[in-house]
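Enquirer: Each chain, written out:
2 protein chains.
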Amino acid sequence: YLHSTQSTVTDAPTKKNIFAPLDTFARRHIGPHESSNSEKMLKKLGFENFDEFIKTTIPPSVLSSRDLKISEPLSERELHKRLDELADKNKVNRSYIGMGYTGSITPAPITRNILENPAWYTQYTPYQAEISQGRLEGLLNWQTLVSELTGLSISNASLLDEATAAAEGMAMCVSTALPKMKKSDSKKIVFFVDANCHPQTINVVQARAHDLGVQVRVGNALSDLKDHSQSSSEHLVGVLVQYPDTNGQIIDYTPLKEKLGDKTPLLAATNLLALTLLKPPPASILLGSSQNFGIPMAYGGPHAAFLACSDEYKRRMPGRLVGVSKDTSGRRALRLALQTREQHIRREKATSNICTAQALLANMAAMYAVYHGPVGLKQIAERIRGMTQVLAEGIQKGDAGDVQGSGLFFDTLTIRVKDREALLKKAEEQGINFRKHSTENTVGITLDETVTEADVNDLLRLFGCNQMASEIAQAMNGPKPLPEAFQRSGKVLQQPVFNTYGSETELLRYMHHLQSKDLSLTHSMIPLGSCTMKLNATSEMLALSKPEFMNLHPFVPKDQAQGYAELISELEKDLSEITGFDAVSLQPNSGAQGEYAGLRVIRAYLDAQGQGHRDVCLIPVSAHGTNPASAAMCGLRVVPVKCDKDGNLDMSDLASKAEKHKDSLAAFMVTYPSTFGVFEPRVKEACEIIHKNGGQVYMDGANMNAQIGLCSPGEIGADVCHLNLHKTFCIPHGGGGPGVGPIGVKAHLQPYLMEHPIVSTGVGEKGVPPVAAAPWGSAGILPISWSYIKMMGANGLTHATKIALLSANYMAKRLAEHYKILYTNEHGMVAHEFILDVRGFKASAGIEAVDIAKRLQDYGFHAPTMSWPVANTLMIEPTESESLAELDRYCDALIAIREEIAEIERDEQPRDSNLLKNSPHTQRDLLVGEWKDRSYSRERAAYPLPWLQEKKFWPSVGRLDDAYGDLNLFCTCDPVAAEEEGERPY
Amino acid sequence: YLHSTQSTVTDAPTKKNIFAPLDTFARRHIGPHESSNSEKMLKKLGFENFDEFIKTTIPPSVLSSRDLKISEPLSERELHKRLDELADKNKVNRSYIGMGYTGSITPAPITRNILENPAWYTQYTPYQAEISQGRLEGLLNWQTLVSELTGLSISNASLLDEATAAAEGMAMCVSTALPKMKKSDSKKIVFFVDANCHPQTINVVQARAHDLGVQVRVGNALSDLKDHSQSSSEHLVGVLVQYPDTNGQIIDYTPLKEKLGDKTPLLAATNLLALTLLKPPPASILLGSSQNFGIPMAYGGPHAAFLACSDEYKRRMPGRLVGVSKDTSGRRALRLALQTREQHIRREKATSNICTAQALLANMAAMYAVYHGPVGLKQIAERIRGMTQVLAEGIQKGDAGDVQGSGLFFDTLTIRVKDREALLKKAEEQGINFRKHSTENTVGITLDETVTEADVNDLLRLFGCNQMASEIAQAMNGPKPLPEAFQRSGKVLQQPVFNTYGSETELLRYMHHLQSKDLSLTHSMIPLGSCTMKLNATSEMLALSKPEFMNLHPFVPKDQAQGYAELISELEKDLSEITGFDAVSLQPNSGAQGEYAGLRVIRAYLDAQGQGHRDVCLIPVSAHGTNPASAAMCGLRVVPVKCDKDGNLDMSDLASKAEKHKDSLAAFMVTYPSTFGVFEPRVKEACEIIHKNGGQVYMDGANMNAQIGLCSPGEIGADVCHLNLHKTFCIPHGGGGPGVGPIGVKAHLQPYLMEHPIVSTGVGEKGVPPVAAAPWGSAGILPISWSYIKMMGANGLTHATKIALLSANYMAKRLAEHYKILYTNEHGMVAHEFILDVRGFKASAGIEAVDIAKRLQDYGFHAPTMSWPVANTLMIEPTESESLAELDRYCDALIAIREEIAEIERDEQPRDSNLLKNSPHTQRDLLVGEWKDRSYSRERAAYPLPWLQEKKFWPSVGRLDDAYGDLNLFCTCDPVAAEEEGERPY
Ligand SMILES: Cc1ncc(COP(=O)(O)O)c(C=O)c1O
Ligand SMILES: Cc1ncc(COP(=O)(O)O)c(C=O)c1O
Ligand SMILES: O=C([O-])O
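Chains A and B, in that order, give the protein sequences.
When you line the first sequence up against our numbering, it's residues 1 to 986, in that order.
When you line the second sequence up against our numbering, it's residues 1 to 986, in that order.
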């Protein structure tokens with residue numbers, strides 16, 4: 001039943017058919033693409049062929065017996081053609097729908113040099129700070145931008161979208177309030193949301209709150225709130241408003257703030273661009289989307305959301321946070337700060353489950369601000385405001401409708417019209433979309449940076465105004481000034497970075513300079529266990545350069561998005577087939593969101609079965625930190641399950657805990673192959689135990705790359721599973737996002753998948769509320785995974801899995817002669833990743849995993865995953881995309897490092913100052929000053945292996961001082977160049 | 001009359017009109033885009049405003065009084081929209097026209113990481129070898145590819161197109177034969193061209209030969225040649241054939257070769273891809289286009305042509321040649337070899353005028369071969385051959401036509417059809433183009449890599465064949481084997497580079513590794529005098545990513561290329577306006593080709609006036625080497641004109657020579673502003689002198705960037721002028737090409753502009769024959785210059801000129817305190833460039849220009865133009881695109897170097913080993929081994945200025961040993977890695 005060796009998939013195609021295209025993709029994707037190489041690797045492991053190897057690696061009980069039903073692979077050119085066909089089926093109207101999504105102009109150099117540049121998009125999250133200073137600086141710029149415009153001191157390095165950012169803000173309020181509440185307090189916890197927030201935001205917040213046992217009241221914050229805040233049976237933990245609101249109105253929230261006082265935080269969703277003109281609202285937490293900073297709408301995402309807070313909330317800040325610290329030689333250096341807040345440390349007590357965010361988009365938005373500078377941004381905002389005023393004036397002159405509200409607006413008008421259907425029809429005929437408000441006969445129009453005078457004239461005509469925009473503008477004599485109370489005063493964005501790179505040449509060099517500090521897949525392999533850093537092929541990325549995919553508003557009528565619809569349904573089908581499930585939802589925009597979504601679906605299902613009380617979630621101690629955090633977000637009680645010494649689930653512990661909680665057991669979360677890198681033989685049995693005790697099985701599919709075509713979550717017995725498309729399915733990591741975390745489910749769960757309040761996802765009325773702002777989350781990057789599957793076909797995908805397993809086992813085999821491999825199966829095999837146990841070196845040489853990780857930088861390599869899932873170890877996942885030569889180079893480096901450790905063990909190098917402890921070595925360290933007190937040469941520090949003389953990547957700073965940075969938290973750029981000021985603590 | 005200060009062009013746009021777009025381009029293009037910066041610069045020079053500055057810099061007699069009539073500037077987004085409109089007017093048919101242009105698949109990673117990557121396309125020609133090892137390696141791969149497939153030992157680093165390569169081959173034959181001929185020999189020199197070469201090739205060769213006084217005989221080389229070679233009145237210098245020929249026939253030229261013997265060289269135009277299957281023809285010189293190695297047709301170009309020769313011709317090889325040499329520490333290093341052949345040394349005695357070639361395209365084609373490897377290339381060729389056989393078989397079965405010839409073909413069929421018009425009409429209805437042979441009722445079909453089974457079926461149907469391609473293929477049971485005489489035997493491309501990078505990951509890393517060695521505009525300014533290394537903006541490059549521009553065959557019916565037609569006519573019009581001429585031809589694909597074309601037009605005009613005997617060309621000694629070389633190619637006698645000590649034309653020498661030669665004076669070639677970087681005040685007078693004596697004035701417009709909007713060749717008095725669009729008009733240099741060298745002419749010359757034998761350029765019957773293979777030369781890159789002009793508008797262009805002049809004068813002013821500026825005008829002003837006179841340091845410190853150039857690399861900078869136009873000097877041209885900060889950084893570096901020289905002068909550093917003499921310093925030099933015998937620290941070597949610690953670019957090899965490389969010429973990659981073999985001389 002095992003699939004054949006498929007060497008034809010990877011070697012250059014044979015000419016069984018003279019017409020067969022030769023630009024086949026699988027052999028380009030797979031690193032050891034010549035069968036001679038895979039044969040060498042099999043031989044090293046003592047196998048004659050793939051069948052034997054696979055049977056020894058994957059337990060027979062788990063191996064699938066079916067063939068994947070996926071359409072025949074397309075060649076790269078066929079794929080491009082098919083993508084063009086789909087693009088043609090998307091109709092790019094002028095969309096004035098607003099609601100958090102507008103047109104925006106991405107400066108061409110940013111598109112080309114960041115979005116379309118593999119040296120940026122293949123970067124990993126900047127945990128290895130010394131080889132990530134470029135993107136860290138980009139993200140610090142982002143944080144500075146957000147801080148400056150919101151007027152709040154702390155901003156994180158991005159969140160997923162505006163709606164989830166609002167939910168995160170709500171959760172911050174709850175977790176701030178809870179410790180202050182008495183245990184005995186029986187008050188209901190209430191979060192108030194103004195009804196004039198975007199509907200999708202309200203929906204997402206409601207659902208998240210509901211799961212936390214928090215009641216959301218939706219109403220008019222200015223008028224309704226008195227009652228709530230004073231209700232004795234309720235505890236108001238926060239109030240969310242929108243500024244300008246979803247109808248476009250700019251409202252003064254100072255009275256509200258005064259009413260709330262210091263105890264109850266005010267939160268506001270806002271518009272960064274509007275804040276260049278408007279005074280920020282008096283909120284403690286401000287959030288929103290930065291999409292209008294040069295990021296395409298992309299039918300819903302990805303875009304970077306922001307969240308900023310005042311100092312008092314900083315330790316509850318969700319997501320990653322870049323901070324300024326220093327390196328060992330005291331030089332300024334950036335790194336991720338306050339890591340201890342995150343889930344891998346705090347698990348179910350973490351503030352949030354957010355892990356992958358939107359780093360690439362945050363970098364782009366920040367670069368947009370760097371290019372335009374404070375003056376340029378303000379001009380863009382003023383132009384939009386001016387055009388909106390002209391439009392409002394003109395609509396009033398016309399006979400079709402009345403502009404609603406106070407007359408104070410930035411970019412959005414709400415208009416009562418006489419005959420909405422007629423208007424919308426006429427508009428659509430002209431390729432124009434308006435927002436169709438839920439209020440009868442009301443439409444919304446939001447203008448943006450891309451709008452032209454001709455566009456405004458078209459709108460005026462639609463509204464029966466017979467004056468031209470220019471006439472109206474002339475008569476108005478410039479936009480009305482904002483009332484003083486709303487006018488932003490004082491200068492923002494005076495930092496040099498926002499005032500230096502205004503010419504394309506300077507911007508280009510700045511982007512390339514940042515890039516030059518960062519190690520990415522363009523340099524060498526990044527074998528991060530659990531992260532699947534595989535090839536992100538250019539052909540897969542093409543849709544991101546096509547306006548038909550990029551310029552679609554997420555809420556357009558469905559007939560304008562037929563190309564997306566087709567692509568989405570094909571991708572859902574293929575992923576269902578691959579995972580062995582009946583349905584897939586592509587809405588979650590990260591793996592962690594997928595976990596949360598999956599657990600929500602389980603809860604909804606249980607509820608429908610009258611099992612709503614079930615609230616226990618069993619989670620193995622080896623689970624990724626997002627698992628318990630997501631469970632907690634869903635209001636589940638986490639009960640840990642042990643693992644045995646081989647890294648397998650402790651089946652008797654599982655059985656007894658399942659039994660013990662059988663009346664309240666809701667779910668079991670399990671990663672397969674396990675986070676320890678083994679295919680557990682008894683996983684099916686585990687699933688049966690859970691089912692027997694009334695629970696549902698949630699599989700964390702982060703490790704799906706080890707399964708495709710060989711086994712599947714559905715067949716193993718899972719009920720739901722998320723996938724990280726940004727791991728297994730080739731969406732690049734982008735330096736920490738974007739990602740997509742779809743969930744697959746069995747048929748019984750399908751009715752409970754996520755719906756959406758504006759555009760139905762087709763699930764139906766039993767569907768749970770959305771977990772993301774847009775119906776298909778980050779739709780814009782789905783073509784990447786779709787393309788991958790289309791070009792690989794069933795054989796290609798299956799072969800890729802085999803090579804991923806083979807590469808891991810090959811490396812493990814080579815390294816086992818020098819290091820201890822922590823977990824293997826009974827045949828000594830690992831899955832697609834494995835853990836190097838380096839804990840013994842602490843005693844023998846004073847060396848820890850971090851020292852090896854940093855020394856690897858001197859060898860031009862990114863470290864494996866460090867200290868996860870086991871402290872002080874290194875987890876290696878090579879993926880199928882690396883060539884045998886590259887696998888060997890990495891092994892050679894680790895073996896050479898082992899020898900360097902041996903020198904310490906033999907006392908040939910001092911324990912406190914040696915090649916590892918002093919690593920990484922920077923150019924400056926090696927070149928500047930004297931070379932004394934060093935027991936090794938400069939040459940050995942820099943070029944420990946001969947090929948480094950030809951191909952050397954340099955860390956741009958020395959080892960980071962993390963503790964220092966956390967103690968002295970700075971999360972924005974200096975107002976003036978550091979050297980000049982000299983006041984910062986570095 | 002002077003245009004206003006235009007500060008609004010560069011500062012962020014003001015809101016005089018609220019609808020005005022804000023994505024304006026001029027301020028992004030211009031480096032000192034804030035008026036505060038230009039004011040600072042003016043002030044440093046002692047001016048209050050631009051008017052004063054310009055009047056002092058440009059002689060009043062030369063200043064123009066008119067305003068440029070160019071359409072209002074488009075914003076970047078408006079430009080993109082307009083470009084899309086034009087794209088829609090190009091109709092991309094399936095073109096089977098062949099004739100040297102076919103479809104080809106550019107692998108997506110090569111498009112993205114080379115063609116669309118500024119770190120590749122903004123590179124300069126690799127004269128500074130130490131910071132150019134990446135592209136040098138790419139070009140060495142190209143040479144190896146060509147050498148291997150042609151079986152000839154020497155290949156150059158690319159030529160402009162197949163037709164001009166053939167002409168260069170012809171010229172090599174002539175210049176080889178001439179020295180062997182007796183002076184008294186009155187034999188006619190004859191070059192024979194087989195009639196079955198591509199018609200455009202024949203045409204270009206004929207014209208070039210004619211100018212050299214060589215007679216071309218066109219006929220059947222196999223049958224007609226006996227007579228010619230034996231004619232006593234003629235001296236046959238070479239024979240050109242095509243293999244496979246223009247009709248697709250593969251012919252055995254061994255008998256011809258035998259007939260010719262060793263004395264008369266056989267040349268063949270050939271197809272590299274076919275040579276993976278076919279034995280190379282027995283020629284001493286092989287040439288052709290590499291367009292089918294993954295380069296888009298682009299309506300004619302740019303594509304890299306190749307030319308390879310046997311060893312005996314190597315010193316006559318035109319174009320650049322990469323050779324393997326070593327650096328000062330004995331390590332293998334690449335550099336341009338045999339430079340002494342080139343025009344800047346040999347002037348009118350040079351073998352060829354070729355300067356800018358097609359480096360970027362050669363790099364792409366070589367990378368295509370690197371990716372596919374020998375096996376992949378052969379498969380592609382076999383698939384094409386197989387499909388062509390199926391098609392031939394099917395056409396024979398059909399009733400519409402008969403395949404002509406012997407049945408031996410690779411990719412091209414010639415078919416006699418019953419009713420050609422009907423067939424062509426039906427084909428066109430289906431979006432299909434055939435070649436319309438000049439022979440009645442004959443069509444040609446050429447298949448290529450992009451052809452699919454469905455395409456072949458469509459063709460079969462058109463020819464009335466009612467079998468499907470698959471049936472025919474099955475019946476044929478695989479392509480017929482080639483007759484043994486034609487079969488290629490033996491392995492080619494066994495070098496590691498063609499057998500290592502077959503996965504996309506490996507290819508990606510290889511491309512990025514090469515890139516990392518090369519300094520480009522993404523790093524720092526490249527102020528090469530006479531080269532105008534300005535911003536190559538992303539928006540300007542967009543057409544190169546659009547299939548509607550890239551996938552058009554140059555010989556399609558004109559109604560399929562309306563977008564191009566419109567763009568070309570707009571560009572011609574704008575360039576005419578800018579240069580003050582009446583017409584422009586865009587055909588020449590380099591500046592040197594422009595010179596040659598312009599002189600040809602002059603000769604044709606003179607001829608028509610009965611002045612065909614005029615053959616003297618006056619050229620100032622300061623002229624660029626291509627000027628005399630081009631004049632010589634046109635059969636003109638070069639008479640040098642002196643310059644005075646201020647760098648101005650010696651007017652009395654000019655007058656006396658013009659007078660002396662008044663009966664034979666054909667032309668005067670003059671560069672303006674002069675190559676010495678001054679606006680000569682008496683240039684109009686010079687033009688009058690020439691005209692008075694019956695000559696025409698040819699202006700070399702390489703320095704047009706100093707003129708636009710302020711003065712113009714036409715107004716100054718020139719009759720013809722070429723422009724380098726790859727300088728002034730933003731086509732990137734691409735590491736040594738592509739380029740476009742259009743010529744502008746006064747009305748009296750317009751009828752003599754270049755025509756084309758296949759697609760009329762509209763000039764008419766008086767037009768001279770083409771100077772390039774395609775009617776509009778490198779049409780595919782014309783959108784770049786078109787976009788630049790459209791986005792800048794008249795004001796933007798004029799302001800750019802002012803800033804270019806200002807930047808040069810600003811730098812000259814700062815540097816004048818430390819260096820001698822060689823030439824200035826009477827007010828002490830320079831033009832857009834200036835010469836640093838460093839000749840005095842030879843005596844004072846043993847330092848030459850080259851030492852400063854190399855030391856600049858340590859400062860992260862590319863050297864200025866070295867030793868041209870004056871030996872042992874440096875010529876600096878900053879352009880308008882550099883920010884004031886960057887200009888200052890460059891000045892700071894030069895000033896610091898001056899101080900390093902002063903230390904030598906003061907004997908604080910030894911003359912033979914100091915910071916300059918040992919430069920550039922590589923990482924390895926500084927890190928490896930002992931640091932003794934050095935009078936300075938490692939730190940000072942690497943970080944002479946503080947900002948280098950943040951932003952350092954490293955040369956990847958030490959200073960090159962040029963003489964060594966020329967003595968030991970190696971121009972291909974090693975068959976195995978150098979280290980392993982150890983036989984090569986490094
Ligand atoms: C096992 C596992 N589960 C879940 C996640 C969370 O995925 P995301 O980062 O997309 O939220 C990860 C991410 O590293 C993971 O490794
Ligand atoms: C003054 C001058 N004329 C002519 C040329 C030749 O132009 P091209 O290299 O495009 O052939 C150059 C090129 O550097 C030049 O500087
Ligand atoms: O790849 C770089 O351009 O650094």
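These are computed hints drawn from the structure, not numbers from a lab.
There may be inaccurate statements among the hints.
Copies of the same chain look alike in the list, so a pair counts if it fits in one copy or across any two.
Only pairs whose alpha carbons sit at most 27 angstroms apart, straight line, appear in this in silico DSSO-like list of lysine-lysine [claimed, not checked]:
#, residue 1, residue 2
1, K558, K81
2, K349, K662
3, K259, K279
4, K263, K842
5, K81, K546
6, K91, K546
7, K187, K426
8, K16, K491
9, K645, K279
10, K952, K932
11, K16, K378
12, K820, K426
13, K182, K259
14, K746, K397
15, K16, K279
16, K81, K378
17, K16, K684
18, K932, K820
Enquirer: How would you classify K16 and K279 at a CA-CA limit of 27 angstroms: within, between, both, or neither?
Expert: For K16 and K279, the Cα distance is within 27 angstroms only across copies (25 angstroms; inside one copy 70 angstroms).
Enquirer: With identical chains treated as interchangeable, where does the CA-CA distance between K81 and K546 reach 27 angstroms or less: within a copy, between copies, both, or neither?
Expert: Close inside one copy (13 angstroms) and across copies (14 angstroms); limit 27 angstroms.
Enquirer: Within a copy, between copies, both or neither: where do K558 and K81 come within 27 angstroms Cα-Cα?
Expert: both (23 angstroms within a copy, 26 angstroms between copies)
Enquirer: Check K349 against K662 for me: Cα-Cα at most 27 angstroms, and say if that holds within a copy, between copies, both or neither.
Expert: Only inside one copy: K349 and K662 sit 24 angstroms apart there, 96 angstroms across copies, limit 27 angstroms.
Enquirer: Between copies, within a copy, both or neither: which fits K820 and K426 at Cα up to 27 angstroms?
Expert: neither (71 angstroms within a copy, 72 angstroms between copies)
Enquirer: How do K16 and K684 come out at 27 angstroms by Cα distance, when the copy is not named: within, between, both, or neither?
Expert: Neither: 41 angstroms inside a copy, 72 angstroms across copies.
Enquirer: If the cut is 27 angstroms between Cα atoms, do K16 and K491 qualify within a copy, between copies, both or neither?
Expert: between (69 angstroms within a copy, 23 angstroms between copies)
Enquirer: One pair to classify: K645 and K279, alpha carbons no more than 27 angstroms apart. Within, between, both, or neither?
Expert: neither (59 angstroms within a copy, 65 angstroms between copies)
Enquirer: When no copy is specified for K81 and K378, does a C-alpha distance of 27 angstroms or less occur within a copy, between copies, both, or neither?
Expert: Intra 41 angstroms, inter 25 angstroms, cutoff 27 angstroms: inter-copy only.
Enquirer: Can you tell me if K932 and K820 fall within 27 angstroms by alpha carbon in one copy, between copies, both or neither?
Expert: neither (35 angstroms within a copy, 44 angstroms between copies)
Enquirer: Using 27 angstroms as the alpha carbon limit, work out where K182 and K259 are close: within a copy, between copies, both or neither.
Expert: within (24 angstroms within a copy, 108 angstroms between copies)
Enquirer: At 27 angstroms max between alpha carbons, let me know whether K263 reaches K842 within a copy, between copies, both or neither.
Expert: neither (48 angstroms within a copy, 78 angstroms between copies)
In this structure, the hints that do not hold are numbers 4, 7, 9, 12, 14, 17, 18, in rising order.
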